[in-house]
Amino acid sequence: MIMDWALLTEWTIKSLVLIFGLIGGFAYLTLFERKVLARFQVRIGPNRAGPHGILQPIADAIKLIFKEELIPAKADKIIFIVAPIITVIPALIILAVVPFGPDIRLFGRTITLYISDLNVAVLYIMSVTSISVYGIVLAGWSSNNKYATLGGIRSTAQMISYELALGLGFVGPILLSGSLSLVGIVDAQKNVWFFLYQPVGAFIFWVANLAEVNRAPFDMPEAEQELTAGYHTEYSGMKFALFFMAEYIKMIAVSAIAVTLFFGGYRGPLVDQFPVLGPLYFLIKVVAFLYLMVWVRATLPRIRYDRLMAFGWKLLFPISLGNVLLTAVGIGLVGITGNNLWLWFIPVSTILFFLLVSHFAQGAVAGGNK
Amino acid sequence: MLNNWLYIGLILIIAPIFPIMALIIPRILAPHKPSPLKSETYECGIETVGDTWVQFKVQYYNFALIFLIFDVEIVFLFPWAIAYQQLPLFAVVEGILFILILVAGLVYAWRKGFLEWF
Amino acid sequence: MSAQVVTENVDLLEKFPQSVKQDDRAGYAGYIVSADHLLEVVRFIRDDMGFDYLASITGVDYLPNGLMEAVYHFYKTSGGPGLVIKTQVDREQAAIPSLVSLYPGADFQEREAWDLLGIRFDGHPDLRRILMWEGFAGHPLRKDWHEPYYEEEGKPYKSRWPEGKVYRREDKNPFHKNVDYPAGFDPDKWVPDDDSTLYASVNKISSAGGESGIKTDYVIVNMGPQHPSTHGVFRMVVALEGETIRALKPVMGYLHRNHEKIGERNTFLQNMPFTDRLDYLSSMSNNFGYALAVEKLMGIKPPERAEYLRVIMAEFTRISNHLFAIGSLLNDMGAYFTPMLYAIEERELILDIFEATAGSRIMCNYFRFGGVARDLPEGVEEKMRDLAFKRLPRKIDELDLYLTNNEIVKARGEGVGVLTPEQAIAYSASGPVLRASGVPYDIRRADPYSIYDRFDFDVAVRYHGDVYDRYLIRVDEMRQSVRIIQQALNGLPKGPIQEGKPQYLVRVPAGEAYGRVEAPKGELGFYVVSNGKANPWRYHVRAPSFVNITALETMAKGNKVADTVAILGSIDIVLGELDR
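Protein chains in written order, with the working numbering: chain A, 1 to 370; chain B, 371 to 488; chain C, 489 to 1068.
Same shape as in the complex, but just chain A (with noise of 0.2 Å):
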């Protein structure tokens, strides 16, 4: 059974078009921040290749390709190697278990839109994502250069910080639906996004996740106005290009899983009747998460490396432990009672202990400073 070769043939071809969607989608990504964010700071932006710069990421791959590569004489020349390589495996494998689709049928076969429906898809994503630090710190160590040095040591505490209140931020989906796989989560939202009753677990997840995959305002590994250009500072060529490629295929998978988690996967109106529409909307939601990424970028300062740790665990870090706790205890009312009004409970709850955290603690998290 194992080894029936048109399933093994259908999933090869499943885990090339995933993987080769991701890489395109890294390319135009690239074109996408710079557009978008080129608009908000009443620019053009990339123009030249090709009808509106369409042909900009091309051009960049083979500038990349072309460019000599340096491997610095006091590096650690394995370890230099393998880095970029054990950053970029993690983000192509994470969205493995996020269903883009519900079944569709074709060539008389019914295939399901994702790789895998494992019944620890959460586990998994948790786990992969803890592996993609290592790529990050090993660079920044073997390196020997002070620079990617401070900028490796960084990352590692700011990832494996927020990666608590990350954690956290799935307890809820996984509470509201009983399910720790992400298919059994996309099902359970048929009706009513878990975004609703979560919508402070599906905020500090957010922010978690910009931390995670190091984007502005969070952008601290790389932060380019003090360590020049953080953990890859030595890098060049096609090595700083998976670098790069890591960091935009997990902007893309955090959305996904996002959107999974929170905002019904690829869940619309009409998805039953039309399957298609499923990858449709999974695409058009992620696409407006990756644009809030940028607008973000685009609008704010960098936190200080003192300040994101101090945000990290006095306020995200408790905020996140409360809606866990609130939200079992707005299910516990529902078994209760039996009165499924009482889900509304959570939002109601945990917005208030929100605000009400965020008031005192702020004081906490400015007291950093002095």
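Some clues are possibly wrong.
Listed next, the in silico BS3-like pairs over lysine-lysine satisfying Cα-Cα at most 30 Å (straight line) [unchecked claim]:
{"no.": "1", "chain 1": "B", "residue 1": "K408", "chain 2": "A", "residue 2": "K74"}
{"no.": "2", "chain 1": "C", "residue 1": "K737", "chain 2": "C", "residue 2": "K898"}
{"no.": "3", "chain 1": "C", "residue 1": "K1045", "chain 2": "C", "residue 2": "K737"}
{"no.": "4", "chain 1": "C", "residue 1": "K643", "chain 2": "C", "residue 2": "K789"}
{"no.": "5", "chain 1": "C", "residue 1": "K982", "chain 2": "C", "residue 2": "K1021"}
{"no.": "6", "chain 1": "B", "residue 1": "K482", "chain 2": "C", "residue 2": "K898"}
{"no.": "7", "chain 1": "B", "residue 1": "K482", "chain 2": "C", "residue 2": "K1045"}
{"no.": "8", "chain 1": "B", "residue 1": "K482", "chain 2": "A", "residue 2": "K77"}
{"no.": "9", "chain 1": "A", "residue 1": "K63", "chain 2": "B", "residue 2": "K403"}
{"no.": "10", "chain 1": "A", "residue 1": "K74", "chain 2": "A", "residue 2": "K63"}
{"no.": "11", "chain 1": "A", "residue 1": "K67", "chain 2": "B", "residue 2": "K403"}
{"no.": "12", "chain 1": "C", "residue 1": "K789", "chain 2": "C", "residue 2": "K574"}
{"no.": "13", "chain 1": "B", "residue 1": "K408", "chain 2": "C", "residue 2": "K737"}
{"no.": "14", "chain 1": "A", "residue 1": "K74", "chain 2": "C", "residue 2": "K737"}
{"no.": "15", "chain 1": "C", "residue 1": "K1045", "chain 2": "C", "residue 2": "K564"}
{"no.": "16", "chain 1": "A", "residue 1": "K77", "chain 2": "A", "residue 2": "K67"}
{"no.": "17", "chain 1": "B", "residue 1": "K408", "chain 2": "A", "residue 2": "K63"}
{"no.": "18", "chain 1": "C", "residue 1": "K749", "chain 2": "C", "residue 2": "K1045"}
{"no.": "19", "chain 1": "A", "residue 1": "K67", "chain 2": "B", "residue 2": "K408"}
{"no.": "20", "chain 1": "C", "residue 1": "K509", "chain 2": "C", "residue 2": "K631"}
{"no.": "21", "chain 1": "B", "residue 1": "K408", "chain 2": "A", "residue 2": "K77"}
{"no.": "22", "chain 1": "B", "residue 1": "K403", "chain 2": "A", "residue 2": "K74"}
Treat the hints as calculated values from the structure; they're not laboratory data.
Add chains B and C to chain A, keeping to what the hints say.
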């Protein structure tokens, strides 16, 4: 179910192909003219002084320690969360107690000043 | 020139009859103090006479007399005219006591005088070269120091037109002989200087210390010269403990071109476009300072309309400079260019006006001795009115709205890089840096030049002395500049724009003058000495960027590495002026 892990294994095999290709292709296409100046460490155009791999500030590691404790505890929350809707009240209270213990740990670390950056 | 010294200070002569005498050379003012008693006299000047602000230190090489003279300009932060004292020593063994113990702000200026003129300041804690590199042969501003391409003392050179044909001096130089080397120097065996003295000076301060019993190694990191946020080729050597800065030494001179030496070769008027190249973001203010200094020497005043035009241009320059400064400060805080591009939208319109009037957007070269170069072309006044009454107030409000209450801007700025008022004065900080520390000292008000005494404006002042206040003060100052421009546009008279006939070769009588203006970045002073010839004998620029950077280490110490960049951005340096 095992199938699903097989598919993960499949993509794990396919995924590295791309980055490895990305490292090999430039080897063929890109120019390669090393010189001692090029392979110097970059430090804003100045020769670097002192050692980079030094005894770093311990604070970064403090955070790693605290993280380790909490991360494991969060993972323990997951099974509780899945089964939550079928759990008896006793287990629910237990789970909430567990979260409160987590909070106590956080408060302890906070009061000890481990979350301060100096 | 004599107006700079108040008569009530004659008691300096009575107090120190042996060591102080009046400077009675024709065209000179102030006192000459003997080097042995300098510290004593300066302490009296600071503590008893109240001249708490040391504006400028420089030197003049009087080669024909065999004298090296150090010139000090003191002012009171409470306002009023200044005091000039000089110390003369033998130029072969020039050694003068250092003033760093009394005025920490003397630090870099004394190092500069040592570097360029070879005056040794005894008691200076860290007397290294500052603009030239260690190992450079000689002191270039000495009159007997000649550069490799030396032709003759002053322009216009005769030698370039031997038969009515131009040739380049460089062409006559054999290859490899176009650089002066120290005696016994072999370029092929030369090993680049390892900066050991510099690193030693950082290490001295950062002797390692432990916290909670766990040892942390300091890391010495070079930020710059090739760094994205040092505003040019500026270098800071920092000793880091984790993220915290324990010691910092600025290193400059990468853009050094010996502006002053070139300036002494130029004729007086040739220096006017050359001043544009100092702070290339605010060339009008540079012109202003130099024109004032030379006009003091010549004893002329520009006509009314020219005065108004000067003020309008200088204030527009201030606004455009501050827009740029705020934009790049936000960039330094990590914003991705959006504030910058929003801010410089209006700057472009200001540059349009400069282009229409002066012919050039950046290098304006607009001022002349006793006037300005051109009158306003048709339609420019309306453009100015549109800017001053409509667009600029709106833009400033917009920046204020978007940035001032931004949580992250506040978090990054408040309490960061604090400079107390006492420190600010002691370090000779000027301009926005000084006023953000709570010292309401604005030369336009304290020692009015041109026609600034006619306008109604407030001296912006803030009291915390941190990065956030240095941002706020620039917003405040832009508002005041708009007020001045509005009044000046309303009062702009008709009439000539140039006193007398415009001349290429001006006659400047012998003497000295110190012309200072409140440039956007701080006090910009030009110390000009004339010996009656076509070229200035001494042409010194007291650059605000250069003097303000003296306080950088004090501001940065103990802050995070990310803050250093913000602090540097809040000082608002321009390398063209810093390195000269």
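These are the hints, each one checked on the structure:
1. K408(B) to K74(A): Holds. K408(B) to K74(A) sits at ~12 Å (cutoff 30 Å).
2. K737(C) to K898(C): Distance ~27 Å between K737(C) and K898(C) Cα, so the pair holds.
3. K1045(C) to K737(C): holds, 10 Å
4. K643(C) to K789(C): holds, 26 Å
5. K982(C) to K1021(C): Roughly 35 Å between the alpha carbons, so the hint for K982(C) and K1021(C) is violated.
6. K482(B) to K898(C): Roughly 28 Å separates the two Cα atoms, so the pair holds.
7. K482(B) to K1045(C): The hint holds at about 26 Å.
8. K482(B) to K77(A): violated, 41 Å
9. K63(A) to K403(B): holds, 17 Å
10. K74(A) to K63(A): Within the cut-off at roughly 26 Å; holds.
11. K67(A) to K403(B): Holds, at about 11 Å.
12. K789(C) to K574(C): At roughly 27 Å apart (the allowed maximum being 30 Å), K574(C) and K789(C) satisfy the hint.
13. K408(B) to K737(C): holds, 27 Å
14. K74(A) to K737(C): Holds - the C-alpha atoms of K737(C) and K74(A) are around 26 Å apart, at most 30 Å.
15. K1045(C) to K564(C): Holds: K1045(C) and K564(C) sit about 28 Å apart, inside 30 Å.
16. K77(A) to K67(A): The hint holds at about 19 Å.
17. K408(B) to K63(A): Roughly 19 Å between the alpha carbons, so the hint for K408(B) and K63(A) holds.
18. K749(C) to K1045(C): violated, 35 Å
19. K67(A) to K408(B): holds, 13 Å
20. K509(C) to K631(C): holds, 26 Å
21. K408(B) to K77(A): holds, 15 Å
22. K403(B) to K74(A): This hinted pair holds, its Cα atoms lying about 18 Å apart.
Hints 5, 8, 18 from the earlier list are contradicted by this structure; the remaining hints agree with it.
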